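There are 2 protein chains.
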Amino acid sequence: METFDLHILGCGSALPTTRHFPTSQVVNVRDKLFMIDCGEGAQMQFRKSRLKFTRLNHIFISHLHGDHCFGLPGLISTFGLLGRTAELCIHAHPDMAKFLTPVLQNFCQRLPYKVTLIPFETKQSEIVYEDRSLTVTTIPLRHRVPCCGFLFEEKSGPNHIIRDMIDFYKVPISQINRIKNGEDYVTPQGDIIVNSRLTKPADAPRKYAYCSDTIYHEAIIDQIRGVDLLFHESTFIESELSRAKETFHTTARQAAQIAKAANVKNLLIGHFSARYEDESVFLQEANEIFLKCQLAKEGLCINI
Amino acid sequence: METFDLHILGCGSALPTTRHFPTSQVVNVRDKLFMIDCGEGAQMQFRKSRLKFTRLNHIFISHLHGDHCFGLPGLISTFGLLGRTAELCIHAHPDMAKFLTPVLQNFCQRLPYKVTLIPFETKQSEIVYEDRSLTVTTIPLRHRVPCCGFLFEEKSGPNHIIRDMIDFYKVPISQINRIKNGEDYVTPQGDIIVNSRLTKPADAPRKYAYCSDTIYHEAIIDQIRGVDLLFHESTFIESELSRAKETFHTTARQAAQIAKAANVKNLLIGHFSARYEDESVFLQEANEIFLKCQLAKEGLCINI
Chain F
1 METFDLHILG CGSALPTTRH FPTSQVVNVR DKLFMIDCGE GAQMQFRKSR
51 LKFTRLNHIF ISHLHGDHCF GLPGLISTFG LLGRTAELCI HAHPDMAKFL
101 TPVLQNFCQR LPYKVTLIPF ETKQSEIVYE DRSLTVTTIP LRHRVPCCGF
151 LFEEKSGPNH IIRDMIDFYK VPISQINRIK NGEDYVTPQG DIIVNSRLTK
201 PADAPRKYAY CSDTIYHEAI IDQIRGVDLL FHESTFIESE LSRAKETFHT
251 TARQAAQIAK AANVKNLLIG HFSARYEDES VFLQEANEIF LKCQLAKEGL
301 CINI
Chain P
1 METFDLHILG CGSALPTTRH FPTSQVVNVR DKLFMIDCGE GAQMQFRKSR
51 LKFTRLNHIF ISHLHGDHCF GLPGLISTFG LLGRTAELCI HAHPDMAKFL
101 TPVLQNFCQR LPYKVTLIPF ETKQSEIVYE DRSLTVTTIP LRHRVPCCGF
151 LFEEKSGPNH IIRDMIDFYK VPISQINRIK NGEDYVTPQG DIIVNSRLTK
201 PADAPRKYAY CSDTIYHEAI IDQIRGVDLL FHESTFIESE LSRAKETFHT
251 TARQAAQIAK AANVKNLLIG HFSARYEDES VFLQEANEIF LKCQLAKEGL
301 CINI
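Residue numbers (our numbering), protein chains in the order written: chain F, 1 to 304; chain P, 1 to 304.
Chain F extracted, bound-state conformation (with noise of 0.2 Å):
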């Protein structure tokens, strides 16, 4: 299987404790990583992560509140310490200029580098990203300000081949593509092998989906039925729930009720507030509604 893991750089609110850095990820999907959010603190934790810098091209911000993007400034101009060359890629409500363009006047007049927003709306579902075999969309939630998650999904590759029967009927090299992407073969005879017969179905195509900072928000759910791994905000647990609303997030047992509604393989809960010292206590909510819930960790890798 091609490489798709999350790793997980920053899982706490707003307020940052001894415990948790501020949300940022980096999803790794065939060595291609993208990173999604970049909190305070974003690039110390990338660089622990043993990741490679030079690999990511493209980040995307959910919304503008500082626990979300105000690791950006330190990233951008890492990275022109550090030689970069290739244009990077940022992808954030069209606000984000107000925030980076004064940076990039004032700390990065030498940057040996292209920074590039763009722009998304939020209220719509719309690609954000695609290249031969990926695609991420945004999805929208509904928090304090403009915000979207994103929907990382893997497209169909071609069939794979059946080494055995390849070399049985002699298939010349040039007719692999085809068949591959589900032609029969033609023997110089005349005969046809049916495709099915040479090839076995590709891998289903994965997705990861983020979803954070939002309130309890059901109309996400069709846009992320059946996701191998859902990670879900998860600030509060129910007793906060009138502190949840209030501050459009979303507690462990909501966050559960999402993914069981979808019916995703995984769940991965974070952007767990500081109040909580004891983060059993969100597992043990969101497993009375799902089981298969894990805690987002610094450092943590998963495979999806």
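In short, the hints are calculated from the structure, not lab data. Be aware that a few hints might be false.
[Claimed, not checked] Straight line, CA to CA, 30 Å or less: simulated DSSO-like cross-link-like pairs of lysine-lysine: (1) K245/P x K114/F; (2) K297/F x K52/P; (3) K297/F x K245/P; (4) K155/P x K48/F.
The model shown is predicted, which means the values in this text are computed figures rather than measured ones.
Position chain P against the provided structure of chain F, taking the given hints into account.
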């Protein structure tokens, strides 16, 4: 002795490593806290130090490079979330406004306290803070952008009264402050008791000088002469002298030369370049010139 401590929150240079945070320090003078520089992650390091956020009212920023100020947005936001009401004064080059104003406008609309930027000029020394027991004075440095160090200087305190003599002469309480300030005591019988019989001299005022970032710059020697502790940057060792000059930084040997020429009591070096895995080379080099030298380290607390 009243508290006069230095806490190192970060002592790396521009490129953060897995060993170091960028520059930030806290000076604790009689339980008032003063921050010097505020690199990314300073608020997390502050929290780890177990110092009290509420005791911090003044931040001094040496110069406008990101590794000395990118921690400000997060720190300011966190103070807001914690319900701070006391004014926070940020002393810095006038251009700090270009960085902080957009942050305050876009991320801190409902901040429950006031952030006041107090600009200083960097070409000549000026007093930037003063209270009953302390002055903070800028130390003009030479770097690629306008830059100042800071001299923290206790004021001379009153003499210490000798309790036994006060009792012996039955000095009334109303006279104590005058005597502490050097006056003689006249008994009801008209006898003059000279002050030196009633008091011991006050403790010598203590001084801490912070000098970072700067090229080797002898002009600072007069101002820092005899300080109890000098923090001097030491980004490189002598084998990278040309690189140090080029980037307006100092070598460990040069820092020690400054310490020796200024006859300081103790030297602390930091702002280490990321290229040195083994930092004992800094200490070895400095010790050839100046013995009372120590390497800065995150979490270090020095009693001045």
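Hint check results:
1. K245/P x K114/F: Satisfied, since the Cα-Cα distance of roughly 28 Å is no more than 30 Å.
2. K297/F x K52/P: Cα-Cα ~26 Å, so holds.
3. K297/F x K245/P: violated (43 Å)
4. K155/P x K48/F: violated (44 Å)
Comparing the model with each numbered hint stated earlier shows that hints 3 and 4 do not hold.
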